[in-house]
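Model the placement of chain D on the given structure of chain B, informed by the hints.
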Amino acid sequence: MNYLPIWAILFPLLGGLLQLLIRNKAGVAAQRGLSLILLSGLVLLALWMFIVALQGERYVYYLGNWPAPFGIVLVLDQLSAMMVLLTAVLALMAMSYAMLRQIDQLGLHFHVLFQIQLFGLNGAFLTGDIFNLFVFFEVLLLASYGLMLHGLGQERTKAGLHYVTLNLVGSILFLFALGAVYGSLGTLNLADLALKVGQAPLERQGLIKTAGLLLLVVFGLKAAMFPLYMWLPATYASTSAPVAALFAIMTKVGIYALIRVHGTMFGAEAQGLAYFYQPWVLSAGLVTLFVAALGVVAAQELRRLVTYGVLASVATLLIAVGINTPASLAAALFYLVHSTLLAATFFLLADLISEGREDIGDRLEKAPIMPGAKYLGIVYFAVVVGMVGLPPLSGFLGKALILQSALAHPWYGWIFAVVLGSSLIMLVSMVRAGTLLFYRLPPRDGRAIIPLQKTALLPIYALLFISPLLVLLAHPITEFTQQMAQQLLDLSHYTQAVLANPMQGGH
Amino acid sequence: MTLVDFNLPVVVLLPFLGALLATQAARFNRLAAAGTAAVITILALILLLPALPLPFAGQTLIQRWEWVPSLGLEFAFRLDGLGLLFALLILVIGLLVIIYARYYLSPQDSMGRFFAFLLSFMGSMLGIVLSENLIQLVIFWELTSLSSFLLISYWYTRSDARQGARMALTITGMGGLALFGGVLILGHIVGSFNLTEVLAASSLIHASPWYTPMLVLILLGAFTKSAQFPFHFWLPHAMAAPTPVSAYLHSATMVKAGIFLLVRLFPVLSGTPEWHWLVGTAGMLTLLLGAFTALFKHDIKGLLAYSTISHLGLITLLLGIGSPLAVVAALFHIINHATFKASLFMVAGIVDHETGTRDMRRVNGLMKYMPQVGILAIIASAAMAGVPLLNGFLSKEMFFDQTVSVSAISPLAWVIPVLATLAGVFSVAYSARFVHDIFFNGEPINLPKKPHEPPLYMKIPVGLLVLACIAVGVFPVYTIAGVLYVAIAGALQTTPPEYSLALWHGFSAPLLMSFIALVVGLIVYLIRKPLFAWYDRGLSQWDARIVYQALVNGLIHWAQSVTRRLDRGTFRNMLIWFFGVTLLAGVVGFWDEALLGTRELMPVDGITAMAIAGLILSSLLTVLKHRSRLISLVMLGVVGLVVSLGFAKFSAPDLALTQLSVEIVTVVLLMLALYFLPQYTHMLSSHKRHYQDIAWAMGLGFSAALLTLAVLTRDLQSISGYFLAHSKTGGGGTNVVNVILVDFRGFDTLGEIVVLALAGLGIVALLQGIKLYAPKRNAEGVPWSQESHPLILQVQARILFPMMLMVAIFIFLRGHNLPGGGFIAGLIAALAIVLQNLANGIVWTAARIRWDMHSVLAAGIGIATFTGLGAMLMHYPFLTSTFTYLKWPIVGKFEIASAMGFDTGVFLVVVGATVMILVQLGRLNYIETEDTGDLQPAKGSTP
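Heads up: the sequence lines are chains B and D, in that order. Just so we're on the same page, the numbering used here is the position in the first sequence counted from 1, plus 138. Just so we're on the same page, the numbering used here is the position in the second sequence counted from 1, plus 161.
Do not rely on the hints blindly, as some may be mistaken.
When the alpha-carbon atoms are kept at most 20 Å apart in a straight line, the in silico DMTMM-like pairs for lysine to aspartate or glutamate are as follows [as the list claims (entries may be wrong)]: (1) K163/B to D1013/D; (2) K592/B to E439/B; (3) K512/B to E493/B; (4) K512/B to E496/B; (5) K504/B to E439/B; (6) K504/B to D513/D; (7) K512/B to D270/D; (8) K529/D to D513/D; (9) K611/D to D520/D.
Honestly, the hints are just simulated from the structure, not real lab data.
For reference, chain B alone in the conformation it holds in the complex (with noise of 0.2 Å):
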């Protein structure tokens, strides 16, 4: 079992150079089945490793056969492999309705691309090493940055440079924290930090903090947090719809590092240091969920609303992380799963109704009806619904959860406030935007009608149907996040699996 983590990084680095190598040359065809077989290989090898996960071990790795903390480990635990798992699932359905709109087909290396896409966030989810989380890091950043660009166009390449150099600015920012990190602790490893920040001397602390919190600016702007969000909104909005779907996962590739890096550096055994950082987490979440909201409310398109709605759900971790209990860490990883598939879901439908609206596009302005309305428009108000965090989708589950904990918080007040005030908005604009968009319909003039294209809807209605999923399995799976939750919040035997080293021998 042991060996499952490399699996999940190196499958679909495989997949990349496979589809390097036939590239365009293979006709697409051959490209699209290859992509097919590789991103259902990913699903079943990630419900393998999930189920795998589920006993309750963690699984580590140890690269090129050196011990911990020397060599790079890979750790397989419950987290990790939920957010594979989710990866996956996302990645197959965004790659199905990119293939079926065509929309790979619109410029090159769509395929390697977001293979590798996949190689860096699975590598990002397993990894044990903070260096090597860079290392994905960037894999990430150039993968998406291709990825954002593709299909091109005016908006596209702006909001794309500014996606690319602010990334790249933080990418300086992570290497002078890390700087400070090894400066300060002298080792790499994520369990030995642990350890190291426990037993780190009182003239360090300051340095240990600057890192711990330079860190959280760099994680803090990839999870798009008050005030690093503004690259969010241009971004997703610009980019093609499969690809802000697959970028869902993205913003939370930060929430997961947070929640990893500083939940494991500055846990509870941290000393003076515990849970130092969450303070500000928690008061940035709520700024962000109160900004996320006005730009709902202000949104003038159709993606941006989205983008904003995005924002919002990533907000609603952050606070949620930030509470800081064992229910309240729980209750974010049930969020994280309901936010992203919802998230992606609004993007593909987003563009759906854009293209039915021709020349109009998403802007909310009137125009004549859309084929497919009543498709659309039932799947817009279901969405809209989870997204808000309405019963009876997961969305509500999810902010139950997440309020019940907060109530043990002093700040409980301001977190209900902002919570319940920013649904109440969001569902008011949202609500706004879909009757203009289904209900207020000037006559069509003669132009001919594009019909829907139906099979388009698959890939949002398979995303779809697991919100009600997780709201009727919800016992077994809250039971799960709070295994989860408890696996990450046992430090002390996450340093002792992962420093164990039961080494093969050889060397």
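Quick look at chain D alone, frame taken from chain B:
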């Protein structure tokens, strides 16, 4: 297992299933949807039947299953007297509305959609009244808001329907969210969300410090749903819904959900001053405002809507009074109001349906045209006005009695019965208006349709409801007493107090109040003309909707300005926030900690000082000269060179070599890119901004230096000792840097070469299809040299080429033990090709590069990966290295390590990516323009 073990969830969920069935049924036959809905409703009633005796036997039926234990959410249902009363109201009136709607909807209306929404609503409503778990109750609560939105916006092409629906959803949605918060707090106080436990925890709840916020939140939920002042205004606008919807949702059921909640939680929330004041005041204000405004509405449904508001206020006021007898009156009035108001709405619908308008200034004298409807309407309105022998009279008497009984509690409380009587006056007046204006008062004016009796089945539901009004009014003890009794028991959770349903209580204060209300009410109606004129002059402008609209518009504008201010879409703005937060992180991190450590700094010798000065100077020049790109780039090159010297000084020859070759390659590639850009850029920013930028840059540079010092002034204890110790023994190489790169941390390198490959691929994808004209002149208009490539350089470069490759191979081979390795070797090999490019031009060079660089990249990553996979074949982890010594003739004994395979991959990727970028950039300048130095788009357009 018997039916009473699981029938409640079935009753609740059945309508949702019915909603699906209705949409499908409507495909076959328009009317099948209505039939489905009716059958489903009857089925639900039948399923409820076996549980019916239990509340009458004093038992509470609970059916529960686990759902989300961590949240305290159970799939749990409860049937006691209160739930039973409401469930029966919902189902019975629902059935009548379904029959009525079947005839009300016109052939253009989609039956499937209507009945699907209606059934969803019915299911949600049943869910509220039958929930045992409060979170589950909230779930159904929100579902009523959503289904009500869909029902109000049923005629979605009408703008008033859209607006009304949105407003209703906004207000009830707000309340729903507040309720959600309140319920979470309530459950937190009690430790359970199940009503059984919650209702038993009265003292715990009252003593809790959370009581007040919890109460306010829950009341917000109840008040918004039940249209209490100041949230009442959504209800009149919801009248844009088809009339069956108004009859069902906005009189009989949904608006009663708020009341239901107040009654449900009455045993644990009431009895405090907060409760009395909040609930009582809201109820009184709503009662008066609703009764008063109703009189002045010319729209029939508008009148009924405000009348509903007023009756809801009455019930709320009773609950606010809070005595057990007040609860009796409240519950009784809930039943009565549901019957007479639903029938009146149906009458309004009939009038609308048959005349085409609802304006009471035009609809007059209908008694001639539809006498049967007229008689039903008269009876129902009389019930609404509180005329004896009808059900409305009985509960209104109880209400008056309660107001009289509280008037004793404080010196000012005498206003309560007075105001109640005043409300009664208006209630009589608008009831009179409803009857007189519609059915008498002369002839109809200019009606769109000629009125006549409606179809029989539209009248039957009205008839049945009116019959109930009479039956309850005349024989309360034989009709309603039983259900009412168990409902009261369920509401109070104890034995009900003594009360009497007799028609005659003797001459008493309530009777006097009723009498005054009747007489004065009729007088008010008689003097209506001047009153209307007075109202239309001033008060009609006052509408809470305007405030609401202003709030919504204000929110939108404010949101837009905040969003614009934060998310400006400029890069500078993003960067400033980023840098600001970064600096903040440093300040917070070091706030009350020592910035610098105690370790002594190294002494500075002259040469180092000079190098440092050079570094600072060239960095400064890079920034200062950034508007002339070439100079800036050259300066950047100097920075790189000094840094590589620094590496050399601190005994890192590998890094020095790498830095040097990277520097050369990047400068050359950047030069190629610069070729397409203007040589100079103008100063784009204002002076003020310029100085700001300088401040930012200095602040950041200074902070970076401080952070570095903070690290360097402390002793480092790190894991590096292990690498030194195990490099030779475990990795088979004495060059620790290389062993780290290809072995200890080979996985990082694998990631990095993928990044490099991605850069190459990204550039290919980005530049695909782009053709740029190369400028012929520089910025000063001087033509670029047309001379072909210098011969000496050409010759030298060709001679150098194999030698450089030899050096690359040499560096590669020795890399494991001495400075070198795949990365540096790759850069040197790439440089050899770059040199050919410089000497011979890109066309010449590209023609001689036979391999597609895609394949080289694939091969590089492939070789590196498969080297790692090889170890797995031997059951070692990925990238585990091995080495051995071989002895060849002539060469002698040498070491061969598996890591060399990995390094080969690195080598190939470095070469492949560099050459790929080179070729791509070179490919751009195939086409050259004739005239200006400006860039031109390639296709079609000529300047």
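Hint check results:
1. K163/B to D1013/D: Holds - the C-alpha atoms of D1013/D and K163/B are around 12 Å apart, at most 20 Å.
2. K592/B to E439/B: Measuring from Cα to Cα gives roughly 23 Å; hence the hint is violated.
3. K512/B to E493/B: Distance ~15 Å between K512/B and E493/B Cα, so the pair holds.
4. K512/B to E496/B: 17 Å, holds
5. K504/B to E439/B: Holds, at roughly 12 Å.
6. K504/B to D513/D: 31 Å, violated
7. K512/B to D270/D: 15 Å, holds
8. K529/D to D513/D: At roughly 16 Å apart (the allowed maximum being 20 Å), D513/D and K529/D satisfy the hint.
9. K611/D to D520/D: Answer holds: K611/D to D520/D is near 15 Å, not above 20 Å.
The structure fails to meet hints 2 and 6 from the earlier list, while all remaining hints are met.
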